[in-house]
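Chains as they are written, first to last, in numbering that gives the first Met the number 0: chain A, 0 to 386; chain B, 0 to 386.
These aren't lab readings, by the way, just hints derived from the structure by calculation.
Some hints here could point you the wrong way.
A pair counts as met if it fits within one copy or between any two copies, since identical chains are not told apart.
In silico BS3-like links for lysine-lysine, alpha-carbon gap of 25 Å or less [stated by the list, open to error]:
#, residue 1, residue 2
1, K181, K220
2, K220, K111
3, K181, K279
4, K296, K220
5, K102, K220
6, K220, K149
Treat the numbers as computed from the prediction; the structure is a model and nothing was measured.
2 protein chains.
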Amino acid sequence: MLPEQEQTRAEGRADAAQTDGRETAAKAPAVSGALVISVDAMGSDRGPVAVLDGVQIAHRANPALRFILHGREDELAPLIAARGLADCAVLHHAEGVVTMHDKPSQVMRRGKDTSMWSAIESVREREAAVAVSCGNTGALMAVSMLRLRKLPGVNRPAIASFWPSRNPTGWNVMLDMGADVKADAPDLLTYALMGTSYARNALGLARPRVGLLNVGTEEHKGHAELRLAHEMIGAAQEAGAFDFVGFVEGNDLPSDRVDVIVTDGFTGNVALKTAEGTAKFAAELLRGALTATPLSKLGAFLAMGPLKRMSAQIDPRRANGGVFLGLNGTVVKSHGSADATGVAAAIELAARLARSGFVERLAARVASASVARQDAPSGEASSENEL
Amino acid sequence: MLPEQEQTRAEGRADAAQTDGRETAAKAPAVSGALVISVDAMGSDRGPVAVLDGVQIAHRANPALRFILHGREDELAPLIAARGLADCAVLHHAEGVVTMHDKPSQVMRRGKDTSMWSAIESVREREAAVAVSCGNTGALMAVSMLRLRKLPGVNRPAIASFWPSRNPTGWNVMLDMGADVKADAPDLLTYALMGTSYARNALGLARPRVGLLNVGTEEHKGHAELRLAHEMIGAAQEAGAFDFVGFVEGNDLPSDRVDVIVTDGFTGNVALKTAEGTAKFAAELLRGALTATPLSKLGAFLAMGPLKRMSAQIDPRRANGGVFLGLNGTVVKSHGSADATGVAAAIELAARLARSGFVERLAARVASASVARQDAPSGEASSENEL
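For reference, chain A alone in the conformation it holds in the complex (with noise of 0.2 Å):
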C-alpha cells in the first residue's frame, strides 16, 4: 500500500480494526494470485440475497474466482456461510447503505463509510481486478471518478452497454448510457475509440465497426457538434483501428451493419430505457394475445419451446452490466433490480475484461489515437489491431 493511498484510508470512517481487517482479507487473495472480484453486496433492489446468490452462481461456473464482498458484516456474515462462500471470499464490512435517492454530491462528500465506496477502494489499492455494485449509477460513477481518477486523454467517462442485435454475437455496443448529459465533439471520438477497445475485449472483434447516433444519415443532418464528431472520428479510423459507418439513426441500433455506437449520456439513457420500455410493452401485449383464448393458450403451449429460447436471446439478465470506461481501473455497474442470474452475468463480465488486461488496453488505445492525432499525419499514425 502506498502512503498516500494509507493516508487516504485514513481518512475514511472505516476504524483501525476494520483497516486491519482489509489488509489480512486483501492478501489472502492476492497471495493465490487467482483473480479477486472486488462485490459491493449491499444496494440492490432486491437486497444482499440476490447479490450473494449471483457471486454464489459465478463462483461455481468459474471455481478460480476469488472475491470481497463489502457491506454489513451482520447481513453479509450468515449469508457466506449458508453458501460455502468462506473459501473464496472475503468480507469487508461497511456501515452504510448508498440508497437510489441518494445524490451523487453527497455521497462524494459523505459516502467513506458506504460498501460502494469501500468497494472501488478495493480497486483503487489493487486488492481486486475490477468492481461490481448494483447501487446508484450517478453515485457510482461519482465514487469511481473521484477515486480511480480519469485516464490520461479521457475528458469525460462513459458507460458503455451491450444491446441486443442481428449481429452474429448478438450484441452490439453503445455508450454513453448516461455517466454524463452532454458530450462534444472530442468526447465522442473518445467514446468510439474507448467503445471499440470495448468490442474487441468483451465481444472479440477485431476491427469494429462504429456509428455516430444521429436524427439522419445524410451529412448535414444533426447538430454542428456531431457534424465535427463526424469529421473526427472518420479521422481516427487508422489510428484507432476500426471502421466508421457514418451516421446512424435510432432504428439502426440492433442493426448488423454498426457493432459500435456512440452518442452523448442523455440520448443513449433515454435511447436504452426507451427500448426497454417498448420491448416491456410489446411483451405484455404477446402475453395477452396468447393467453386471450383456450385455442391462443393451447397455440402458446405448442410454440413454448421456441418461445422460450427467443426470450432466452433477447433476456436483458443475459446483458446484464454497463461498463465504465475511461478510469483507472473497471468498474461494472449491474441493473439495480438485477437478480442472481443477472448479478452473475455482470460478475462474468467483469472477470472477462479483467483476463484481457482490458484497462491497459483501453488506456493505450486512447493514448496512441491521441498522439496519432496531435503528431502524425494519419497515414503513419500507429494501427496495431490488438487492443
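Since the structure of chain A is already known, use the hints to place chain B on it.
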C-alpha cells in the same frame, strides 16, 4: 386572393395558365362548403398510386370530403379517373417533386414548382383547410414555416406524433419528433401547450397530463435547461388547463400515467426510431420463433386471431401522421413509406383536426398562456377548458 398572395404566387414558377387552373379548381370545393384537404400526391416512397389509393379509402369512409391533389397531371389524371375521384378531387399540376435527399434549404430556394410547395400554398390561400404530404420531413417543415409562418408566441414549431400506450385511447402524444434539433425551456413550455391542445382535439382528453422527458425523475437530474423547463411547465398548469406529472423517462413513453410527452426534436426523433427499431426486431424474433418448428407453426395458427388483433392494436399505420404544430395552418406529415391504409389514416386525422377548428384553438391557448405568464399571478390565469 389577397394582392400579397397574388404577388407571391407570381414569384413561383407556375405559369399563368396554371394559376388560372388553380383558382378555378379552388373555387369549386370552397363554394360547396365541404371540408377540403390539400394532398401532395407525389413524394411518397411508394409513388402516387399509394397516395391516390389512400384518398379513395378516406373518401369512401367520409364522402363529404373534397380534395385538391398536387403533382404531375400526366401521372395523376389517369389515376384520378380510374378511381372515380373526379367528382371529389381537383388536380393542381406541379412539375417538380421533392425527393428524400433534397436539402430543406434547396427546396426553400428552388422548390416553388414542386407538388409539396403547391400543397402548402393551397392552405396558405385558404383553398384547403389542411395539407397532407408523404414527402421529405425537413423540406415539408421548411416550406410550411416559410409559407404559413409561425403562430404568434411560437418560436419553434414542433412535430407531434401518436405513441402506442396503455391509456384507454391506446395512444399518447409526443413532441417534438424532429422539427428542430434544439429546444430551450420556453420552447418546451410551448410544446406542452401545443401538445395538450392537440391531445384535446385529436384524442378528446379534457385535461391532459404532461410529462417532460429526462434521464431520471428526480428534480436534480438532467440539463439545466430541463430543470428550468420543469419550473415553467409546472407554473403554466392552470393557464394551460393541463396537469404536469414532472419528469418522465424513456420507459414511460407507453405509460398510462401521462398523455403528452414533451422533449426536444433530437431526443424525440431518436426515441421514435429506437422504438420502431426495437418493435421491428422483436417482431422478427417472434416470427422466427413461431415458424421454427412444425409444432410452433401449429401453435401460431391456433393463436392467430388474438395475435392479429394485437398486431392491429399497435399497427403503426393506424397512427400514421405527424402533425406540424405552431403554424398558421395545419400540415399532416404521413410516413414516407405509408401504404394506402396509412395515407387514409393521415387524411382522416387531418379532417378531424380541421373540423375541430384546431389551429384557432391552439393559437388561443398559446396566446392565453403567454398572457398568463407575462401579466397575471398564476392564480388568476385564464383557465377555460374547451381548447
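Exercise. Sort out which numbered hints this structure fails and list those numbers smallest first.
Key: Of the numbered hints, 3, 4 do not hold.
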